[in-house]
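**Q** The lines below spell out each chain.
There are 2 protein chains.
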Amino acid sequence: MSQSTTLSIDAMGGDHAPDMVVEGLALAHKALPNTKFIVFGRANEVAPLLAQHAGLSDVCELRHTDDIVSAEEKPGTALRSGRESSMRLAINAVSDGEADGVVSAGNTGALMAMAKFVLKTLPGIDRPAIASLLPTLRGESVMLDLGANIQCDAENLVQFAVMGEVFARHVLHIDKPSIGILNVGTEGLKGNDSVKQAAAILYETRLPIDFRGFVEGDSIGLGKVDVIVTDGFTGNVALKTVEGVARLFSDALKQELKGSIWGMLGALIAKPAIDSFRTRFDPRRYNGAMFLGLGGICVKSHGGTDGLGFFHAIKVAHELVVDKLNEGIKEDYARFSSEHHNTILDPTAAD
Amino acid sequence: MSQSTTLSIDAMGGDHAPDMVVEGLALAHKALPNTKFIVFGRANEVAPLLAQHAGLSDVCELRHTDDIVSAEEKPGTALRSGRESSMRLAINAVSDGEADGVVSAGNTGALMAMAKFVLKTLPGIDRPAIASLLPTLRGESVMLDLGANIQCDAENLVQFAVMGEVFARHVLHIDKPSIGILNVGTEGLKGNDSVKQAAAILYETRLPIDFRGFVEGDSIGLGKVDVIVTDGFTGNVALKTVEGVARLFSDALKQELKGSIWGMLGALIAKPAIDSFRTRFDPRRYNGAMFLGLGGICVKSHGGTDGLGFFHAIKVAHELVVDKLNEGIKEDYARFSSEHHNTILDPTAAD
Numbered sequence: 002m003s004q005s006t007t008l009s010i011d012a013m014g015g016d017h018a019p020d021m022v023v024e025g026l027a028l029a030h031k032a033l034p035n036t037k038f039i040v041f042g043r044a045n046e047v048a049p050l051l052a053q054h055a056g057l058s059d060v061c062e063l064r065h066t067d068d069i070v071s072a073e074e075k076p077g078t079a080l081r082s083g084r085e086s087s088m089r090l091a092i093n094a095v096s097d098g099e100a101d102g103v104v105s106a107g108n109t110g111a112l113m114a115m116a117k118f119v120l121k122t123l124p125g126i127d128r129p130a131i132a133s134l135l136p137t138l139r140g141e142s143v144m145l146d147l148g149a150n151i152q153c154d155a156e157n158l159v160q161f162a163v164m165g166e167v168f169a170r171h172v173l174h175i176d177k178p179s180i181g182i183l184n185v186g187t188e189g190l191k192g193n194d195s196v197k198q199a200a201a202i203l204y205e206t207r208l209p210i211d212f213r214g215f216v217e218g219d220s221i222g223l224g225k226v227d228v229i230v231t232d233g234f235t236g237n238v239a240l241k242t243v244e245g246v247a248r249l250f251s252d253a254l255k256q257e258l259k260g261s262i263w264g265m266l267g268a269l270i271a272k273p274a275i276d277s278f279r280t281r282f283d284p285r286r287y288n289g290a291m292f293l294g295l296g297g298i299c300v301k302s303h304g305g306t307d308g309l310g311f312f313h314a315i316k317v318a319h320e321l322v323v324d325k326l327n328e329g330i331k332e333d334y335a336r337f338s339s340e341h342h343n344t345i346l347d348p349t350a351a352d
Numbered sequence: 002m003s004q005s006t007t008l009s010i011d012a013m014g015g016d017h018a019p020d021m022v023v024e025g026l027a028l029a030h031k032a033l034p035n036t037k038f039i040v041f042g043r044a045n046e047v048a049p050l051l052a053q054h055a056g057l058s059d060v061c062e063l064r065h066t067d068d069i070v071s072a073e074e075k076p077g078t079a080l081r082s083g084r085e086s087s088m089r090l091a092i093n094a095v096s097d098g099e100a101d102g103v104v105s106a107g108n109t110g111a112l113m114a115m116a117k118f119v120l121k122t123l124p125g126i127d128r129p130a131i132a133s134l135l136p137t138l139r140g141e142s143v144m145l146d147l148g149a150n151i152q153c154d155a156e157n158l159v160q161f162a163v164m165g166e167v168f169a170r171h172v173l174h175i176d177k178p179s180i181g182i183l184n185v186g187t188e189g190l191k192g193n194d195s196v197k198q199a200a201a202i203l204y205e206t207r208l209p210i211d212f213r214g215f216v217e218g219d220s221i222g223l224g225k226v227d228v229i230v231t232d233g234f235t236g237n238v239a240l241k242t243v244e245g246v247a248r249l250f251s252d253a254l255k256q257e258l259k260g261s262i263w264g265m266l267g268a269l270i271a272k273p274a275i276d277s278f279r280t281r282f283d284p285r286r287y288n289g290a291m292f293l294g295l296g297g298i299c300v301k302s303h304g305g306t307d308g309l310g311f312f313h314a315i316k317v318a319h320e321l322v323v324d325k326l327n328e329g330i331k332e333d334y335a336r337f338s339s340e341h342h343n344t345i346l347d348p349t350a351a352d
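First to last, the sequence lines map onto chains A and B.
All letters in the first sequence, in the order written, are residues 2 to 352 by the working numbering.
All letters in the second sequence, in the order written, are residues 2 to 352 by the working numbering.
Don't read these hints as lab results, they were simulated from the structure.
Incorrect hints may have been included.
As the list makes no split between identical chains, a pair holds if one copy fits it or if it spans any two.
Said to hold, decoys possible - Subject to a maximum C-alpha distance of 16 Å in a straight line, what follows is the list of computed EDC-like cross-link-like pairs (lysine to aspartate or glutamate): (1) 197 / 219; (2) 191 / 74; (3) 225 / 67; (4) 177 / 219; (5) 121 / 324; (6) 75 / 194; (7) 255 / 276; (8) 191 / 97; (9) 121 / 328; (10) 191 / 73; (11) 75 / 188; (12) 225 / 244; (13) 121 / 141; (14) 191 / 283; (15) 255 / 141; (16) 75 / 320; (17) 37 / 328; (18) 272 / 141; (19) 177 / 283.
The structure presented is a predicted model; accordingly, all values stated were derived computationally and were not measured.
Based on the provided sequences and hints, a complete structural model is requested.
**A** Encoded structure:
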């Protein structure tokens, strides 16, 4: 097999699909010339869009399907009745070995349910997690889970920690990523039973990981650790809190600068610096949440993103494939599991 | 009784106490000339600081005690062995009727435990909550609980909603504040049992409140509702996430502007606009978390704040006293309670 990667693409998921999907593909074609795409969706809508970009049709194999999973569809319904949907067929292409990974901007719950059903979870992983990179003062961190698992026990959190650690090594290229569990204080006595028990397990492991114990919410922006582990409820709220505060600051700064002639003049002179600031925190650059713990690479793009954002989601999937993330998780989790599973992680031994 | 208000002050709580406490008192004395203070702490340390500000000693009654609750002390230990501490004596002054409210920058857990023990909770309120104002795109919102209650059932969340609504009416002067429960999606099926059951109760109530259902984390910055209700774990993480992201943006903007001559020049010209932006989001302006649901006004200042921050905490306490917040909560909760308590909120009827 050559160095080329093949990704399957759900062309119909997302608020501005299929237009933004094809725009993303066009950007990806330029940045990743060795990558091929299998594109699932309504041929009459997608084909003319592909034709607008020179050479794009040559790397895209378009497969027609009429069926689409809507944004409102419940995961269970989508799983039962969406077997011919663009989302499902794109996932199937990974399990069939035709594609190395799948990208969709569609309904998150449906994508997770289908991906879990079709691709299965990796050995030892009970529940896949949604992970994303976030900008910090020190660079980038990865946070998980961001909403796949509303309630998590200690074992789930430990699995997230191991998966996140492997992810940070492979994708962020950090030799020994530091790991923290999100909590309401850094002292051992704080928090609920899940975080306390998970911390106890991670402190005891002989795996060569750099576990730093509990971190608080400000660690997300400050980048105190490379991997932030939390349950899907807290993680989802924290991620969206970051998004809201980013909007607040960006809009408020614009308001203040536009409010006076000196503000406008200063902003004009400092434009390159302000643009560089904006680029650094452009949410589209952080688009592409990874579903970790599945037997195949699956990346979820934000539903409301544009072509640039979808391109970043494709780049994330490409990187996960090239870096062989899943092999890393499998190996590390097997090591962790053989050491711990029969003792500390035995649910019957838990209090 | 005259219009004057008396506040009791724990002079020894906080990282930079008693210096920053006295600086805060000096600022408060100028801004709130009719306010008197009973100041608890080590007289040999506090008296010379008070003497540095003209007229300050005239409005401060200094009461000596050697004992201090440390930042590391567990709430239970502080409750048992801190009976002569500056924190405890300051709280006692409220229950004794000498002061209208208390302000401390000390150990949060100890302050809550002592305040709950001494001041008791209001009728119908099981657990007090920590609330704070937050800046939003629309102005200000109040969020609660911020860490007093790590696990919350539906009834706790409903009580927080009622208290937060009264708070927003009295302190933010909003006629009919909108209320949302923080969740991982806005659809009714999302989230854990507590948020779903709490939402069901608030949708059914005949109290004239403006309940908007679920909101996501981005509502915090965007200000989609006036009152954001959540459990103490999620609320604490979200609040600290806001703090971390604020630091990240402020530091990154500074870095970019200082990175080039044009950036520096532009920043100089736009200085008034940038200063106005900084002032608007200065965390010290949002210092002063309210303990809602207690039989007395108790405000917790951030432990790491300075004089300006402590002054804002004093202002918050002053406002709560003047606005008769607790009378409002008592009345509203009694109305809510008589309507609902024997039916929906009966714990034996809950599933």
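**Q** Checking residue 191 and residue 74: alpha-carbon separation at most 16 Å within a copy, between copies, both or neither?
**A** between (38 Å within a copy, 13 Å between copies)
**Q** One pair to classify: residue 177 and residue 219, alpha carbons no more than 16 Å apart. Within, between, both, or neither?
**A** neither (22 Å within a copy, 32 Å between copies)
**Q** Pop the pair residue 191 and residue 73 into one bin, within, between, both or neither, using alpha-carbon distances up to 16 Å.
**A** between (38 Å within a copy, 12 Å between copies)
**Q** Treating 16 Å as the Cα threshold, decide for residue 75 and residue 320: within, between, both or neither.
**A** Neither: 30 Å inside a copy, 47 Å across copies.
**Q** At most 16 Å between CA atoms: does that hold for residue 191 and residue 97 within a copy, between copies, both, or neither?
**A** neither (46 Å within a copy, 32 Å between copies)
**Q** Treating 16 Å as the Cα threshold, decide for residue 197 and residue 219: within, between, both or neither.
**A** neither (19 Å within a copy, 28 Å between copies)
**Q** Are the CA atoms of residue 121 and residue 328 at most 16 Å apart within a copy, between copies, both, or neither?
**A** within (15 Å within a copy, 57 Å between copies)
**Q** For the identical chains here, do residue 225 and residue 244 meet the 16 Å Cα criterion within one copy, between copies, both, or neither?
**A** between (19 Å within a copy, 14 Å between copies)
**Q** At 16 Å max between alpha carbons, let me know whether residue 177 reaches residue 283 within a copy, between copies, both or neither.
**A** So residue 177 and residue 283 fail the 16 Å test inside a copy (27 Å) and across (36 Å) alike.
**Q** When no copy is named, should residue 255 and residue 141 be tagged within, between, both, or neither for a Cα gap of at most 16 Å?
**A** This pair counts as neither: shortest intra-copy Cα distance 25 Å, inter-copy 19 Å.
**Q** With identical chains, the pair residue 75 and residue 194 could be close in the same copy or across copies; at 16 Å between alpha carbons, which is it: within, between, both, or neither?
**A** neither (31 Å within a copy, 18 Å between copies)
**Q** Checking an output row: residue 121 and residue 141, CA cutoff 16 Å. Within, between, both or neither?
**A** Neither: 29 Å inside a copy, 46 Å across copies.
In this structure, the hints that do not hold are numbers 1, 3, 4, 5, 6, 8, 13, 14, 15, 16, 17, 18, 19, in rising order.
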